[in-house]
Amino acid sequence: MSRIVILGAGISGHTAARYLDKWIGKKHEIIVVSPNAKWNWIPSNIWVGVGQMTEEDVTFDLAEVYKKTNVDFRQAKAISINPEGSADSEKPFITVEYTLESRAGEQENIEYDYMINATGPKLNFGATEGLGPDHGHTVSVCTAGHALEANEKLQATIDRMKAGEHCTVVIGTGHGMCTCQGAAFEYIYNVDHVLREAGVRDMARIVWISNEYELGDFGMGGVHIKRGGYVTNGKTFAESLMVERGIEWITRAHVKKVEAGLIHYETLDGEFHEQEFDFSMLIPPFAGVGLKAFDKAGEDITANIFAPNGFLKVDADYTPRPFAEWSAKDWPRNYQNPTYKNMFAVGIAFAPPHPISKPMQSPNGTAINPTPPRTGMPSATMAKAVAQSIRDMVNGAKEPTHSASMAEMGAACVASTGSHVFKGTAATMTVFPVVPDFEKYPDTGRDIELTTGEIGLAGHWMKYILHHTFIYQAKLKPGWSVLPD
Amino acid sequence: MANKVTNKEPYQQAYYPPAPTGFTKSMRTSVIWQFFRFIVINLKMLKLMSKSHH
Ligand SMILES: Cc1cc2nc3c(=O)[nH]c(=O)nc-3n(C[C@H](O)[C@H](O)[C@H](O)COP(=O)(O)OP(=O)(O)OC[C@H]3O[C@@H](n4cnc5c(N)ncnc54)[C@H](O)[C@@H]3O)c2cc1C
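For the protein sequence lines, the chains are A and B, in the order given.
Just so we're aligned, residue 1 is where the first sequence starts under the UniProt record's numbering, counting upward by one.
Just so we're aligned, residue 1 is where the second sequence starts under the UniProt record's numbering, counting upward by one.
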């Protein structure tokens, strides 16, 4: 019998857990370690952040769902990995610290035969002075709790506008190296929508700020789509959406510091600017969650296993090379650590070989370019592939049997721009592949038939359906495994 | 008396991007047309997903 330990029960960790449980849960042991009691459908936090959904609508109790399965759920956070074991243990293990109230602070070593790191991002608000809801002046929608607070502050700002005050709303990214622009992009349209519904849109100046070279980059170097007899850059559509709603934008910006009501930022041309705000939601940069690693002798080998940003190294080509020499082949296929073959990383937790958008620096040496996104669909796809490989490896396969390179998979993103079933619209975007492959698709790096974008009610219906489908699926309700991931 | 504004400031940020026409906007919220688009988008997504699994 093998023991598989999964760190993290987010989109990727939970996907790996439910498939492994379905395939090998009766014969093998599956342990999920995750610090939060609740699972969160993060994309719908946007609607919590504008008061259209509650925390209960987007979360559910993990222990209850795992009770229906053979998965042993430990409400704890992983602290370190000993992939070679230790002086006292022949087997590799991870060290966890319980966050479950009844065992809070208690530490335990959990041995494993296979381990999947699916710990997602550390929301690194600390990288920007004054950023974030806890020690700063901006709000966030990255967790359901943050989104609740964001809505409270948004409603207070709406009240001020109703009382006749003009307010400035600033939404975007809070650092030159942020990813996840899509979340902020969706939030800005939902804020615009609720301001209109509240009848105060004319009292608000709405400003987008981001580290993208041009609007619509999304950390993927932008996309090209076919429209009106042309192949056009997504920038055109992103700008059009903003103009249609009277939203201004600032791009190529690195937020350096946030004070109460004032954002200080530097632009790619090396200039420093300030932007006032009354309400601001800025996405923080992401880092790895800070796991440490030790060898058998107890030496710290964190730097060998993790990239400097804290993400776990997998089967990618990390050789530093100039941008022009990067290729789709650099991207990992199996998500297996090259040194410790029983260790995998999926979702945001794996270390990408390089950005997708071109790295750039201001004359002052400040890096201002989005880092690669690992959105929901790719996170689930790679988790399923790793689960399939581990299933086969516990049954005797020598190597991973399934691959899921971001240079060979697509992503779909639906950004709602309003909420009414008949009046709201959404921007639906598909890209294939996520990482452009210029050898296969020389013109734009992507399959132009599968890379599309359109705005309309249809996307809005999809967004609602996806919300309900994914929560249904994550709750392991009947027939969950026939639903697409 | 303040001068009446008779001209619009050109070349602002909003001057360049395409703005949807009334027809385009109405198609975005036309239930019949959007029902058709819904089916098309779903088929595209299914194709995208089937090409993403190896
Ligand atoms: C507001 C918002 C909107 C978004 N909208 C979309 C969208 O519309 N479409 C889309 O495709 N993507 C969207 N995304 C991105 C999507 O949410 C992420 O790509 C996805 O959640 C990544 O999955 P993951 O499993 O890597 O990380 P997560 O889902 O963040 O899961 C990480 C898990 O690890 C746990 N963890 C953390 N530290 C530890 C530790 N030390 N030990 C053990 N466990 C730990 C966490 O508690 C969590 O359970 C959005 C993101 C945000 C923030």
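No lab work stands behind these hints, which were simulated from the structure alone.
Careful, some of the hints might be misleading.
[What the hints assert, rightly or not] The calculated lysine-lysine pairs, modelled on BS3-like cross-linking and capped at a C-alpha distance of 27 angstroms, are:
(1) 51/B x 329/A
(2) 44/B x 440/A
(3) 77/A x 341/A
[Unchecked claim] Quick look at which bits of chain A chain B covers, simulated, 3 or more residues with Cβ under 8 angstroms:
(4) 379-386
(5) 467-476
Just so we're clear, the structure is a prediction, and the values are computed from it rather than from any experiment.
Using N, Cα and C, we set each Cβ at its ideal position, and we do this for glycine too.
Exercise for the section: Please count how many residues of the region 467-476 of chain A have a CB within 8 angstroms of a CB from chain B and say whether that reaches 3. Expected result: Coverage by chain B is violated for the region 467-476 of chain A (0 residues, Cβ < 8 angstroms).
Exercise for the section: Could you grab the alpha-carbon distance between residue 77/A and residue 341/A and see if it respects the 27 angstroms cut-off? Expected result: Holds - the C-alpha atoms of residue 341/A and residue 77/A are around 23 angstroms apart, at most 27 angstroms.
Exercise for the section: Starting from residue 44/B, check that the Cα of residue 440/A is at most 27 angstroms away, please. Expected result: Judged against 27 angstroms, a Cα distance of about 20 angstroms means the pair holds.
Problem - Satisfaction of hint between residue 329/A and residue 51/B, Cα-Cα up to 27 angstroms - result: Holds: residue 51/B and residue 329/A sit about 17 angstroms apart, inside 27 angstroms.
Practice task
Examine the region 379-386 of chain A for residues whose CB is less than 8 angstroms from any CB of chain B, and state whether their number is three or more.
Solution key: Per the Cβ count (3), the hint holds.
Checked against the numbered hints given earlier, this structure breaks only hint 5.
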